[in-house]
Each structure stands twice: as C-alpha cells, then as structure tokens.
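Line by line, the protein sequences give chains A and B.
When you line the first sequence up against numbering that gives the first Met the number 0, it's residues 0 to 131, in that order.
When you line the second sequence up against numbering that gives the first Met the number 0, it's residues 0 to 419, in that order.
Think of the hints as simulated: they come from the structure by calculation, not from any bench.
Just so it is clear, CB atoms sit at the ideal spot from N, CA and C, and this is done for glycine as well.
One should not assume that every hint holds.
Said to hold, decoys possible - Computed cross-link-like contacts, DSS-like style, restricted to lysine-lysine with a CA-CA straight-line distance of at most 25 Å:
hint : chain 1 : residue 1 : chain 2 : residue 2
1    : B       : Lys260    : A       : Lys80
2    : B       : Lys175    : A       : Lys49
3    : A       : Lys56     : B       : Lys191
4    : A       : Lys88     : B       : Lys406
5    : A       : Lys114    : B       : Lys191
6    : B       : Lys289    : B       : Lys84
7    : A       : Lys87     : A       : Lys131
8    : A       : Lys114    : B       : Lys339
9    : A       : Lys131    : B       : Lys260
10   : B       : Lys175    : A       : Lys56
11   : B       : Lys406    : A       : Lys111
12   : B       : Lys406    : A       : Lys87
13   : A       : Lys111    : A       : Lys87
Stated by the list, open to error - Negatives, chain B to chain A, calculated, CB over 12 Å:
hint : residue
14   : His29
15   : Ala80
16   : Leu95
17   : Trp139
18   : Tyr250
19   : Leu302
20   : Tyr312
21   : Val354
Unchecked claim - Derived Cβ-Cβ restraints for the label pairs, each shown as a range:
hint : chain 1 : residue 1 : chain 2 : residue 2 : range
22   : A       : Gly102    : B       : Val411    : 45 to 51 Å
23   : B       : Ile119    : A       : Gly126    : 25 to 31 Å
24   : B       : Gly401    : A       : Ser82     : 18 to 24 Å
25   : A       : Asn35     : B       : Glu303    : 29 to 35 Å
26   : A       : Leu46     : B       : Ala126    : 42 to 48 Å
27   : A       : Ala104    : B       : Met30     : 22 to 28 Å
28   : A       : Lys114    : B       : Asn316    : 47 to 53 Å
29   : B       : Asn358    : A       : Ser82     : 44 to 50 Å
30   : B       : Asp78     : A       : Ser101    : 56 to 62 Å
31   : B       : Val136    : A       : Gly102    : 33 to 39 Å
32   : B       : Lys320    : A       : Gly53     : 47 to 53 Å
33   : B       : Ala120    : A       : Leu46     : 34 to 40 Å
34   : A       : Ser82     : B       : Pro346    : 21 to 27 Å
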Amino acid sequence: MKVTILRFISAATLALLASQSAVAGDVVVIANAGTNLSAGEVRDVFLGEKQFAGSIKLVPVDNAAQQESFLAKMMQMSSAKYSGNWTKKAFRDGLAAPAMKSGDAEVIEFVKRTKGAVGYVSSSPSGVNIIK
Amino acid sequence: MTNKRSVSAILFGTGLFMTTSAFAETDAEHMARLESKLDAMQTELSQMTSGMAHHSAGSAGIPLHGFSDIGFASNTDSDLASNPKGFFVGSLSFYLAPTFGDRVKALIEPNIEVTPADDIAVDLERAQFGYSFSDTVTLWGGRFHTPYGYWNTGFHHGGQMQTSVMRPRFLDFEDKGGILPAHMVGVWGAGKIKAGTGKVAYDVYAGNGPTIAMGVPDPAISATAQTLGTLTIGQAGDNNHQAMTGFNMGYEFSGNFEGLKLSAHGLQGDVDDNSNATITSLPSKLANNKTELSMLGGSAVYLENDWEILSEYYGFNNTNKSGSNTGTHKSWAAYAQVGKSFDDWTPYLRFEKTVLDQNDNYFASQASGQSYARQSLGVRYNLNPNSALKFELLDSKFEARGTTAAKSFNSVVVQYAIGF
C-alpha cells in the first residue's frame, strides 16, 4: 500500500513538473494584423537587425513574464547578452530597445492597436498575426 | 372610521410604494452615473496607457543614455607630464537618440572630459542625423565616429562597454595617442544585406579631411612634442578642399560560426598641417606638409560562447606630396585582444604594436606618431549589468625618433565605469 502511494505521489510530481516546463517553454510570437513576418525573421527583429517589414516600421515589445522563456527558446541567449546587445545597438545605431510590457494582456493589447508591433505571449490570442 | 382607516392605509401604502420607487430610481440613476464615470475613467486610462506605450516604443521622446568612469593610475615613467599618476576622472558622455517618425533619427553625444592639462573640456562628440530607407540603407550626415575597424564605432567613449580600461593606443582619440581621425564630419551610408546564411555589413563615408594642428602649447606634453601636431577633424570645413573617403565592409557569419565577423576597411585623402601658420622655425620637412593618407586593413571579431576576440590591422602606404621627404612610405599598426567571461569575471590579454615610418610626414608630424609596442593584462568584474570594475597592467615600449629618446615603462590602471 505504502509503495502504491509513493508511486502515485512520484508520478503526480513528475506529471506536475512536466506540465510546468511545457507551459514555461511555450512562447507564441505575435504581430499586428497588418504585419507579415516569418519565424526566421523574429530573431533579427528582436536584435534590431530588421527594422522594417516592407514599408512598415517594426515595433518589437518585450514581455516581462515571458522574457526568460523567449530568450532561451527563440533567441538562444542570456538576458545579460540581450541587454548588452541593445546597449551597443543604441550607442552605434541610435536604436531604442524594445519597450517592456508586464504580461500577456498588455502585450496583446499593444500589438493589436500598434501598426508594426511584434511581441510574444504564452498562448495564441485572436485578432493578431501568429508568427509560425 | 373604517373608511378613514382604509383611506389612510391606502395613502400610506401608496406613499410607501412611491417612496420605495423613488429610492429605487435614485439607486439606478446613481449606478448609471457611476458606470458612466467608470467608463470615462477606463477610456482615459486606456488613452494614457496607449500614449505611454507609444512613447516607450521609441516613436517619440528623447531616450537619454550615457557613460562615465573614474579611476586610479600609476606607472614607472619618469615623464609625469605624459603619464600622470594618481586618481583621475575620465569622461562623462551622454548620448541622445531621438527618432522622428519611422525613418528619421538622430544621435547627439555631448562629452565632458578632463584634459591632460587638467582642464574640463566639453566636446560635441556626435551630431548626426539619419534617414533609414530600409534595413539595407541608412544615410547619416553630420559629425560621427569614423567607421573603420571595430573598436572606434563599437565602444568609443563607452568605457563601460569595452572589456579593457584603455583603448589600443593607436586607436585612441586624436589628442590622446591616436594616429587616425576618430571623428569625421560628412556623410555616411550604412546597412546590412542578407547573403547566404549570414549578412554583408557595409559602411561607406566621405567627409572633411583632417588637419594636423602643429605646436599647440600644452603643458601636459613635453617641449619636443609641442613642436609636433595633433589631428583636428575640420568641423567647420575642409582646409584643402579634398574629401577624405573610406569604407568598411564585412561578413557576419551565422550558424556554427555565429558571432564571427570578418571585415576589410580603407581610408584615403590628403592631410595638411598648419605649420606655416603657427610656427616659423620648423624643420624643413614639416613646412607645407601635405600627405596623401592611404590606409587599407581589416578586422576579425568573434563574440560568442563567452569569448571576446578582437583584432584589427591597419596598413599604410602614404605619399608625401610636399617637403623634402617625398615618396611613398609603408607603416602598419595592429592589435589583438582575447578575453573569456566566467560569469561576471572576464580576464583578458592584449598585444598591440605600431611600426610607423618617420620619413612619412603624416606620422613624423604627429605627437602620437611614434612607433611603440604594448602588452596589457587585465581583469574586468561586472558589479551589475550597468557597472564594472577593471584592473589592468601594461608594459609599454616606445622607440626613439628625432630628438625623442626611446623609453619603456610599466603601468597599472584601475577603472570604475558605469553606463546608463
């Protein structure tokens, strides 16, 4: 009986951990409905290397709640390196680092109403372009 | 009596009903008013948030950033005028990067620094206005950091960004040992073009050719050096009406070689001095000095996997166009720096060397035109992402030239640098 209970607790703990990491790993990149981007261009947008999509000026925004996941998964870089990159970009090219939003709701609201906006959230919302 | 009571009851009941109805209507109105106020506040808040988001997205306002540093230096050089010891204040450099709409932007950088003569100098480091046509073409005009190599535009006054305390001496500012014009007034086109898996990055520029300002009295440099000159960049115009032109073109790798950039750079133009205007008894070789500066070189940079490997080479093939030492003269300057980060610690090592032909008027006229070799060993510690402490040991050897004797000395420099 004790063994069964222990097995159940272990299985439940593993399942919980697995579900948590799956949530942490899910990052959905979204863009304003009128902005077309490919998944391969997302990295360049958030490094300040790509500033335009056609004639539209891109406005990337960061999401404080999802940034760690996004940097690890999409950018393959640490927060310090990302920040350092923008310091250099601002100094050499006069570019502004992406504005930081507090969470999904703020990012979605900004992306919906801002032409050229690109952000990332934890799940796919409606009314925006999902970058795949 | 019964009727009176009935009437009274009816009146009371009607009154009660009316009163209740009256109260019910007041509540409803009250609720409606509250809802209306709430809606108005929500709209106002939304507008405020929208405005703030718009502002922070960089499409309005003036983002202000800057760098500053302080430190301590000591050395074994007997020439204290050239290499003072003790605590020092470095520079305070602000840079503003306003944007005006989607394509127009500017970089304004006032810099306040302590000169070797112990004065405070205010300099307009950069005043450049740009227009981005696309990701592949941005055109700048004004005063900018001359885009040769990697260091000059990558770090410049941003001491907190560079790993080491000192710049390679030959790439330092014009009045601090540099042998090239670190600034230029003119036009500059820059951009990146996707090519294969990486990108071709380019800079092409043209601007006023610098002048070598001779014999400017400066108590911080020796009497001998005061008969020599310093590059000045011609902010008000070009004294010989011949533009200086240059390029810097490279390839940024991706994939397995992410972080590697290989570039070639060049700079060409006539450089005059103003010896006749300021000094009457110069050696004949310095009179009416005009040199065609012709520089070609390259850089290799690797910034990935916690490594920082920087190297730049500058080959000179300058032609004297006046004075007694006519002809073409070859010189070179180079450095290589390697650093590796271990969390917040970055130890680094740098070798730098110049071999500058003293028959070349361009170098013979400059106070900083003496050949030298220097090795630096240091460590940087990041207190946080915006500040760093650095400790650096240097071993410098300068060759003799003219009446200036050879010398060698060791130095130690500590720097506390911040960026904001």
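Quiz item: B/Leu302 clear of chain A by more than 12 Å, beta carbon to beta carbon?
Solution: violated, 9 Å
Quiz item: Holds or violated: are the alpha carbons of A/Lys114 and B/Lys191 at most 25 Å from each other?
Solution: holds, 24 Å
Exercise. Hey, is B/Leu95 genuinely clear of chain A, shortest beta carbon separation above 12 Å?
Key: violated, 9 Å
Exercise. Test the statement that B/Tyr312 is away from the interface with chain A: the closest C-beta pair must be farther apart than 12 Å.
Key: holds, 21 Å
Exercise. With respect to the beta-carbon atoms only, verify the hint that A/Lys114 and B/Asn316 lie 47 to 53 Å apart.
Key: Once the Cβ atoms are compared, 51 Å apart, the range 47 to 53 Å for B/Asn316 and A/Lys114 holds.
Quiz prompt | Range hint compliance [Cβ, B/Asp78 to A/Ser101, 56 to 62 Å] | solution = holds, 57 Å
Quiz prompt | Satisfaction of hint between A/Lys80 and B/Lys260, Cα-Cα up to 25 Å | solution = holds, 17 Å
Practice problem: Would you mind confirming whether the straight-line C-alpha gap from A/Lys87 to A/Lys131 stays at or under 25 Å? | Solution: violated, 29 Å
Self-check item: Whether the CB-CB distance between A/Asn35 and B/Glu303 falls inside 29 to 35 Å
Solution: At 30 Å between Cβs, range holds.
Quiz item: Regarding A/Gly102 and B/Val411, is the given constraint of 45 to 51 Å on their beta-carbon distance met?
Solution: Distance hint for A/Gly102, B/Val411 holds at roughly 49 Å.
Quiz item: In this structure, is the beta-carbon distance linking A/Ala104 and B/Met30 contained in 22 to 28 Å?
Solution: For A/Ala104 and B/Met30 the Cβ distance comes to about 27 Å; the hint holds.
Exercise. Please work out if A/Lys111 and A/Lys87 have their alpha carbons no farther apart than 25 Å.
Key: Violated, because 30 Å separates the two Cα atoms, which is more than 25 Å.
Checked against the numbered hints listed earlier, the structure breaks hints 2, 4, 6, 7, 8, 9, 10, 11, 12, 13, 16, 17, 19, 23, 24, 26; every other hint is satisfied.
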